[in-house]
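Please model the complete structure; the sequences and the hints are all you need to start from.
Protein chains: 2
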Amino acid sequence: MPGLKEVKDAAQRIAGVASRTPLVESPALSRRTGKQVYLKLECFQPIKVFKIRGAYNKISRLSEESVVAASSGNHGIAVAYSSHLLGKKATVVVPETAVREKLDAIQGFGAEVVKAGTLSSEREVKGRELARANGSAFVHPFDDPEVIAGQGTCGLEIAEQLSEFDSVLVPVGGGGLISGISISIKAMKPETKVFGVEPMGAPKLSAALKARDIVTIPSPHSMADGLLPSRMGELTFAACIRNVDGVFTATEDEILGATKCMANEARIIAEPSGAAPLAPLLFHPRDVPGKRVVVVVSGGNISQALLMQILA
Amino acid sequence: MPGLKEVKDAAQRIAGVASRTPLVESPALSRRTGKQVYLKLECFQPIKVFKIRGAYNKISRLSEESVVAASSGNHGIAVAYSSHLLGKKATVVVPETAVREKLDAIQGFGAEVVKAGTLSSEREVKGRELARANGSAFVHPFDDPEVIAGQGTCGLEIAEQLSEFDSVLVPVGGGGLISGISISIKAMKPETKVFGVEPMGAPKLSAALKARDIVTIPSPHSMADGLLPSRMGELTFAACIRNVDGVFTATEDEILGATKCMANEARIIAEPSGAAPLAPLLFHPRDVPGKRVVVVVSGGNISQALLMQILA
Numbered sequence: 027m028p029g030l031k032e033v034k035d036a037a038q039r040i041a042g043v044a045s046r047t048p049l050v051e052s053p054a055l056s057r058r059t060g061k062q063v064y065l066k067l068e069c070f071q072p073i074k075v076f077k078i079r080g081a082y083n084k085i086s087r088l089s090e091e092s093v094v095a096a097s098s099g100n101h102g103i104a105v106a107y108s109s110h111l112l113g114k115k116a117t118v119v120v121p122e123t124a125v126r127e128k129l130d131a132i133q134g135f136g137a138e139v140v141k142a143g144t145l146s147s148e149r150e151v152k153g154r155e156l157a158r159a160n161g162s163a164f165v166h167p168f169d170d171p172e173v174i175a176g177q178g179t180c181g182l183e184i185a186e187q188l189s190e191f192d193s194v195l196v197p198v199g200g201g202g203l204i205s206g207i208s209i210s211i212k213a214m215k216p217e218t219k220v221f222g223v224e225p226m227g228a229p230k231l232s233a234a235l236k237a238r239d240i241v242t243i244p245s246p247h248s249m250a251d252g253l254l255p256s257r258m259g260e261l262t263f264a265a266c267i268r269n270v271d272g273v274f275t276a277t278e279d280e281i282l283g284a285t286k287c288m289a290n291e292a293r294i295i296a297e298p299s300g301a302a303p304l305a306p307l308l309f310h311p312r313d314v315p316g317k318r319v320v321v322v323v324s325g326g327n328i329s330q331a332l333l334m335q336i337l338a
Numbered sequence: 027m028p029g030l031k032e033v034k035d036a037a038q039r040i041a042g043v044a045s046r047t048p049l050v051e052s053p054a055l056s057r058r059t060g061k062q063v064y065l066k067l068e069c070f071q072p073i074k075v076f077k078i079r080g081a082y083n084k085i086s087r088l089s090e091e092s093v094v095a096a097s098s099g100n101h102g103i104a105v106a107y108s109s110h111l112l113g114k115k116a117t118v119v120v121p122e123t124a125v126r127e128k129l130d131a132i133q134g135f136g137a138e139v140v141k142a143g144t145l146s147s148e149r150e151v152k153g154r155e156l157a158r159a160n161g162s163a164f165v166h167p168f169d170d171p172e173v174i175a176g177q178g179t180c181g182l183e184i185a186e187q188l189s190e191f192d193s194v195l196v197p198v199g200g201g202g203l204i205s206g207i208s209i210s211i212k213a214m215k216p217e218t219k220v221f222g223v224e225p226m227g228a229p230k231l232s233a234a235l236k237a238r239d240i241v242t243i244p245s246p247h248s249m250a251d252g253l254l255p256s257r258m259g260e261l262t263f264a265a266c267i268r269n270v271d272g273v274f275t276a277t278e279d280e281i282l283g284a285t286k287c288m289a290n291e292a293r294i295i296a297e298p299s300g301a302a303p304l305a306p307l308l309f310h311p312r313d314v315p316g317k318r319v320v321v322v323v324s325g326g327n328i329s330q331a332l333l334m335q336i337l338a
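Order-wise, the sequence lines are chains L and U. Positions in the first sequence are counted from 1; adding 26 to them yields my numbering. Positions in the second sequence are counted from 1; adding 26 to them yields my numbering.
Please note: incorrect hints may appear among the correct ones.
[Unchecked claim] Covered stretches of chain L, as calculated for chain U (at least 3 residues, CB under 8 Å):
{"no.": "1", "region": "53–59"}
{"no.": "2", "region": "62–73"}
{"no.": "3", "region": "283–296"}
{"no.": "4", "region": "322–336"}
[As the list claims (entries may be wrong)] Residues from chain L that face chain U, not an exhaustive set, calculated with beta carbons under 7 Å:
{"no.": "5", "residue": "45"}
{"no.": "6", "residue": "48"}
{"no.": "7", "residue": "50"}
By construction, these hints were calculated from the structure, which means they are not laboratory data. Heads up, the beta-carbon is just placed ideally off N, CA and C, and yes, glycines get one too.
The following block contains the structure:
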């Protein structure tokens with residue numbers, strides 16, 4: 027399991043590639059919720075999503091000349107982009123149903139796209155198979171110490187950017203981001219609470235914390251398409267059990283409401299996965315402890331069609 | 027003419043009402059332009075626009091119990107909101123053609139709306155007449171020392187938030203914002219250049235700087251509906267002649283492009299008037315001196331219809 031030292035090493039490695047994104051108070055959201063709401067704007071990253079932190083940190087340390095990833099979206103874009111910068115060949119296994127915009131982004135950075143099935147498990151099997159056949163490294167989207175350490179740089183920055191705060195709300199997919207952030211925050215601000223936020227249709231972390239074991243969600247579903255892995259990883263489960271203070275589930279209506287509020291009130295375009303952590307603050311503010319709350323807006327890769335729908 | 031002292035006094039007066047808005051680097055815009063682009067996010071203000079700074083500063087100093095403003099938009103909302111907070115009665119003279127959204131905002135803060143003609147000159151005549159008849163104070167949108175000092179707090183914050191920068195790009199309507207900002211910046215960072223940006227269809231400042239006198243633009247027009255006054259004021263002209271280093275004009279296509287780029291790349295929803303100062307950086311980057319450039323994103327009051335059009 028990475029610790030603060032590994033996160034700090036990652037921060038040096040990714041400097042100049044991933045951005046040190048702004049952490050800003052949103053007066054509109056503060057007024058709306060009666061708290062002081064700070065947004066960590068990962069939608070300002072190159073490729074508009076935090077995933078570049080972990081992917082670049084991982085790939086920059088590989089000796090292999092080529093990498094394979096299985097992804098339907100942001101992780102694939104991050105691996106393609108990082109590989110492009112590092113002069114490595116990337117192959118991304120995507121679902122048969124992948125949307126044109128995502129394929130364009132992946133191929134735009136020179137990665138090869140391979141289609142396989144519709145389930146994440148099918149993609150992972152295919153990806154690992156390709157990696158073995160070609161002597162490539164398989165880059166897991168979250169269950170990897172270097173990936174977690176990379177995502178942890180987001181928490182390191184938060185702790186450096188804001189001297190005092192009570193809670194951090196982090197969206198949970200496979201748990202890479204919250205694992206990394208919680209490692210940094212608990213090391214640097216041990217009194218600060220770290221909460222996960224996940225869709226009610228994909229409650230991996232809630233189920234895992236309750237069972238105190240990894241639980242597979244049979245058919246995860248949500249408009250927050252970055253939060254759909256069916257289970258936590260071994261490492262991310264271990265980090266969350268140790269560090270995470272609780273988890274909120276958000277309904278689809280709440281995620282939609284949070285995405286709209288980010289656009290209409292905070293004037294920030296976030297993808298539903300990136301707006302989801304605002305949902306507890308909007309709809310259950312008294313359940314979020316403390317006055318000063320950081321919301322990790324993990325990404326802004328929303329399709330034009332969905333954005334139009336949200337603003338309509 | 028107000029100086030830095032008056033701006034600092036205004037900052038104390040408006041504290042807790044207007045927000046100290048974030049100044050953030052946009053890595054997306056920095057990459058796109060090859061500069062370091064910092065956004066001063068006035069779209070994060072209450073009422074989503076900088077106008078609250080000047081209106082509240084002015085109205086808080088009035089002995090009159092009631093105020094009148096002539097406005098088709100943001101100034102009217104700012105006067106209504108500030109009056110509401112200060113317990114004064116506000117009347118806003120709007121054009122016959124005013125859109126529902128703006129009227130709702132003004133009336134939502136308890137102000138009375140009076141319709142008069144379609145030209146800003148007709149509104150001003152009517153507003154001054156009403157003020158005289160009722161013993162109310164008339165609050166000019168820009169040509170007033172207290173309004174200018176209030177807008178100057180935006181420049182004060184920029185100079186406090188960023189230690190070194192080369193240029194500031196400010197949208198120009200009647201010149202209140204650029205007057206205030208330039209007073210602060212020239213006092214605190216005399217080596218920094220301050221540039222205005224105005225629509226090609228409403229080039230009041232360009233014409234005034236060229237003629238070295240106030241020039242009336244016969245029929246100003248632009249999608250940037252906050253930048254349509256037909257002439258500079260006496261005070262704003264005097265401040266700009268002294269402090270402003272130059273002015274860029276932007277075509278409608280460039281303003282549209284800048285508004286789209288703010289949304290699609292920087293992930294910030296700005297109104298066209300607020301995105302306009304990005305236009306020279308996008309379309310004529312070599313004309314903007316220096317490496318570190320601040321763009322004053324003056325507001326985010328864009329109608330839903332226009333926003334949909336821009337994102338489509």
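Each hint tested on the structure:
1. Interface restraint, the region 53–59 of chain L with chain U: holds (3 residues with C-beta to C-beta distance below 8 Å; minimum three).
2. A stretch counts as covered by a chain when three or more of its residues have a beta carbon under 8 Å from one of that chain; for the region 62–73 of chain L and chain U the count is 5, and the coverage holds.
3. Coverage of the region 283–296 of chain L by chain U holds. Counting CB-CB distances below 8 Å, 6 residues qualify, and the rule asks for three or more.
4. Residues of the region 322–336 of chain L with a Cβ under 8 Å from some Cβ of chain U number 4, which satisfies the need for three, so the listed coverage holds.
5. At a threshold of 7 Å, the smallest CB-CB gap from residue 45 of chain L to chain U is about 4 Å, leaving the interface hint in force.
6. Given hint, residue 48 of chain L at the interface with chain U, holds; its Cβ is 4 Å from that chain's nearest Cβ, closer than 7 Å.
7. For residue 50 of chain L, the shortest C-beta to C-beta distance to chain U is roughly 4 Å, which falls under 7 Å, so the interface hint holds.
Hint violations for this structure: none, all hints satisfied.
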